[in-house]
Amino acid sequence: MTTRPQRRIALWLLAVAASTWMVVHAHYVADLSAFLPAKPTPLQQLLVDQLRDGPASRLILIALEGGDPATRGEVARAMVAKLRNQPQFAAVEDGDAATVGRDREFLFQHRYVLSPAITAAHFSVTGLRQAISDTIDDLAGSTGLLMKALVPHDPTGEMSRILDRLAVGPAPRVEHGVWASADGRRTLLVAQTAAAGSDTDAQARALEAISRAFQPAPPGVRLRLTGPGVFAVAAREQIKHAASRLAIISSLGVIALLLWVYRSTTALILGLLPVATGALAGIAAVQLAWGMVHGTTLGFGITLIGEAVDYSVYFFVQSAGRGAAVAMQQWQRALWPTVRLGMLTSVCGFASLLPSGFPGLAQLGLYSIAGLLAAALVTRFVLPELTPRTLQVRDLDPLGNRLHAGLARLQRGPAVGVIAVLLAVLAAGVLYQHRQTLWNHELSALSPISPADLAFDATLRSDLGTANVLDLIVVTGPTEEAVLAGAERAAPVLQELTAAGVIGGFDSPAIFLPSLASQRARLAALPDRAVLSARLQAAVADLDLDAGQLAPFLDDVDRARSGAPLAAADLDGTSLAVGYAALILRHPGHFTALLPLHANSASVTPDLDVARIAAAVSSARLANTQVLDLKVQTDALYASYLEEALRLSGIGLLLIIVLLRFVLRSVRRVARVLAPLLLAVLAVAAGLALLGVRLNILHLVGMLLIFAVGSNYALFFDTAQITPGDAHPPRLLASLGVANVSTVIGFGLLAFSAVPVLQALGATVAPGAFLALLFAGLLCRPRSLRPRSGPELTHA
Amino acid sequence: MRGWAGLCCVLLGSAATAAGAAADDLDAVMHALAERSQGSASFVERHFLALLKRPVESSGELFYRAPDRLEKRTLEPHPENLIIEGDTLSIERGHHTRVLDLHAYPEFAPFVESIRATLAGDRSALERVFNLKFTGTAASWSLDLVPLNPEMLKTVAEIRIDGLRDLLTQVEIRETDGDRSLMTLTPDSTSP
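Chains as they are written, first to last, in the working numbering: chain E, 42 to 837; chain S, 792 to 983.
Wrong hints could be hidden among the right ones.
To be verified - No farther apart than 27 angstroms at their CA atoms in a straight line, the calculated lysine-lysine pairs in the BS3-like style are these:
1) S:K945 / S:K844
2) E:K189 / S:K945
3) S:K844 / E:K123
Unchecked claim - Just a sample of chain S residues kept apart from chain E, beta carbon distances all over 10 angstroms, derived:
4) D815
5) R827
6) A832
7) D859
8) T879
9) S915
10) G927
11) P941
12) A948
13) L955
14) Q961
Please keep in mind that the hints were generated in silico from the structure rather than gathered at the bench.
Yeah, the Cβ is synthetic: ideal placement off N, Cα and C, and Gly gets one too.
Using the sequences provided together with the hints, build the complete structure.
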């Protein structure tokens, strides 16, 4: 304490300036990487790629409702025209005939490199005879008259083979030239953004562009959007809105409380300095450590208000009523060590979050540590220097006395120790009873998407035949050619699974663009004109088709033979380019091919037998090929976060015990400090379980916060018991009461939030903080608060 | 002159009478067809294509339900299910089902409406697509349908439907290029 006041203030101002600079220049990230692992395993990396950039993540499903179908069709066509030339959309489709025609033209022109049937055997006499005889049978069908024009060019039926292969899912219904829902009440469009689905800003811009393209809307027609990007943007808005609104309301509540307590604007403003400094320091520390700040970290910054404001409450209330200078010095000597220990206890708790593989949680840990440290340091070293010597805050002794009397009345009841033990046993019993369902291991527990929105999403997907891609075969490799070849090797296995009814079918990028090797092999399998002509004569000799009719076939094969294999760029201008791009992920140095699996439409459950698929894939010994079940993997990832967080919290608790044992030097005192906190956590957890709430990772963070906030209460009672002379009991009680009310205001508001993560936090901390104070008051039983003298505790 | 005039009158009168009788018969047939709310028949369809030396044949069953649902279930040589309901047409072959909007494929209209509108006894629907020529009597009739739309005329030259009272017995589609398909229908004995 040799630093002179001016130097302390200068140092603080410098730190605030530096932090502010960092906060202004920090890189704020609003995507879901906060929820993705920092050091992923290869399988997790695939998952992360999927969630961030996968085709499914970039899909926006657009529905037009109301009005009549013809009007909706016109609106849809106008929207497509406006959106297609915007570079932020990779594709906008409404099922219009022009695109379909262009696609068919392309497929027909390149049928001899695209058709999987092209082999040397297919063009032998036997092969030709079989294929042509099948085509003749097809001519007998209802569409015979419509398809007959193609036969002279394509007597072996390659075009219908390609079309069958492309149309895996049920094709959407077309009405008035555009896609429509099965019930005909909606007109449907699909947009695919160029930006990754995880780029929430880009998704938000895309949604705005779609809304603009919808204008001017004819009366009665409504626009509805769904898809991962829509959900991400809505969730972010919801959290932003809820967090900022709640932050304002709870700030106002805390400010009103402090004004009522202090009766001094000077004290109020001074009292907010530690909080503000803490918030700045927290963001700066996170930016320094990670080079970026997750939006969620900022969102939870609100939680710091509850804890950091306590420090100045302790300072002003506890040092009130005496000669200011003397009182402050006395506070620094007698009570600062307790605040410091409480702060260190919280730091231990939050430090347990630092090693978490869940970046969101690790950032929250560092943010809280830096914030609390800064707030406590400002309270200790800066506030006393800035506080005018003449500052008088209201004397809260009357309040303290009333609290004192209330606590004393409670303590006159049956032995509180027995009640505490009973309560602990009861709570533990409830938790044991609910142990199977206590924790929610699904990531959807954190999802702010309403079931109604999810149902709408599912309806549109089934109308469009866009399966919600949850199960995939993933092929990785160093080049595009390698992954295309890998996708082709996987095809026979998947065809067998389709035939066995295990899956309904699959998509593959190799359908749109076969590997160069396959294309070359197909081209090489095409015989030259003279050979083909001779074989054709022989093949149709006993068929009802005259070889003379098939000259166009000979011409087309000849042209195909002299053509070059297709490259990805050749697909441009057709909707096939979009289909292809969706299934190939390009990373620096490696490529990923995605083969989404479709459920068998005849199967009762939409869930695939992933184990059986994985077994088939592994027994086929396909290199670099894996089955990825997105839902299972995502939930496994979240479950691993939860498990890790639980383990780390245990370690945090141990750290706290070691710290307290070291400082307090008495196991008994450690137990006395921890008992009310553990009891509060147990009671809250049991209460939530009884209410049917399944706990998620944010409830766990909330429990850490109960420890952080409550440790101050328990330590003050403990101090008051050990050194009764230093603490003025009523004033101490008043300061704890005020601090507690401010915490309950802050978190209590969160409990009413519609955002699950915020709600979980609020519902845990608000009751937990109150119970922690109550239990601490009852169990720590400061001597000076006791109604009658009891056995003395020896000060170790 | 008078004789000529009389002859003209007679000729014109008798022509008018003949046309009137045909129109009455057409209305009677249409009315009888409209009375039926459903029906089924087995069919044999043969396509006579210039491309092929011999006609190709398919067979199966046809189901109709008023006012606008027609299902053609082909069993031989390749199973195929074609359902026309309202403005949509779906074709199911093997594992694949394709659903098409009839608005988007006007070229299907003559194939679809010739049979469906006739089964429905919907004369005005027929007249929206075709020029009608009725011959025969209500008991045994033929209906020649010539597409009105010049685009359609490029593929379909004429469709001729034969029937006995409220039953269809044969549908012949003549294409502009000379190909034709002939579908003969045998009403199911179970059908009313």
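Given as non-interface: S:T879, partner chain E, CB spacing beyond 10 angstroms: Per Cβ check, S:T879 is inside 10 angstroms of chain E; nearest 6 angstroms; violated.
Beyond 10 angstroms from each Cβ of chain E, as asserted for S:R827: 23 angstroms, holds
Verdict on S:L955 as a residue remote from chain E, using beta-carbon distances over 10 angstroms: 25 angstroms, holds
Status of S:P941, Cβ more than 10 angstroms from any chain E Cβ: Label holds. Min Cβ-Cβ 19 angstroms, cutoff 10 angstroms.
Satisfaction of hint between S:K945 and E:K189, Cα-Cα up to 27 angstroms: Holds, because 15 angstroms separates the two Cα atoms, which is no more than 27 angstroms.
Least C-beta distance between S:D859 and chain E, which was stated to exceed 10 angstroms: The claim stands: S:D859 keeps its Cβ more than 10 angstroms from every Cβ of chain E (closest is about 14 angstroms).
Assertion that S:A948 lies outside the chain E interface [Cβ separation over 10 angstroms]: 12 angstroms, holds
Cβ separation check - S:Q961 to all of chain E, threshold 10 angstroms: Check passes; 17 angstroms lies beyond 10 angstroms.
Non-interface label on S:G927, tested against every C-beta of chain E at 10 angstroms: 26 angstroms, holds
Agreement of S:K844 and E:K123 with the hint, judged by alpha carbon distance not exceeding 27 angstroms: With a Cα-Cα distance of about 52 angstroms, the restraint between S:K844 and E:K123 is violated, given a limit of 27 angstroms.
Pairwise hint evaluation, S:K844 against S:K945, where the allowed Cα distance is 27 angstroms at most: 24 angstroms, holds
Least C-beta distance from S:A832 to chain E larger than 10 angstroms: 15 angstroms, holds
The structure fails hints 3 and 8 (numbered hints given earlier, in ascending order).
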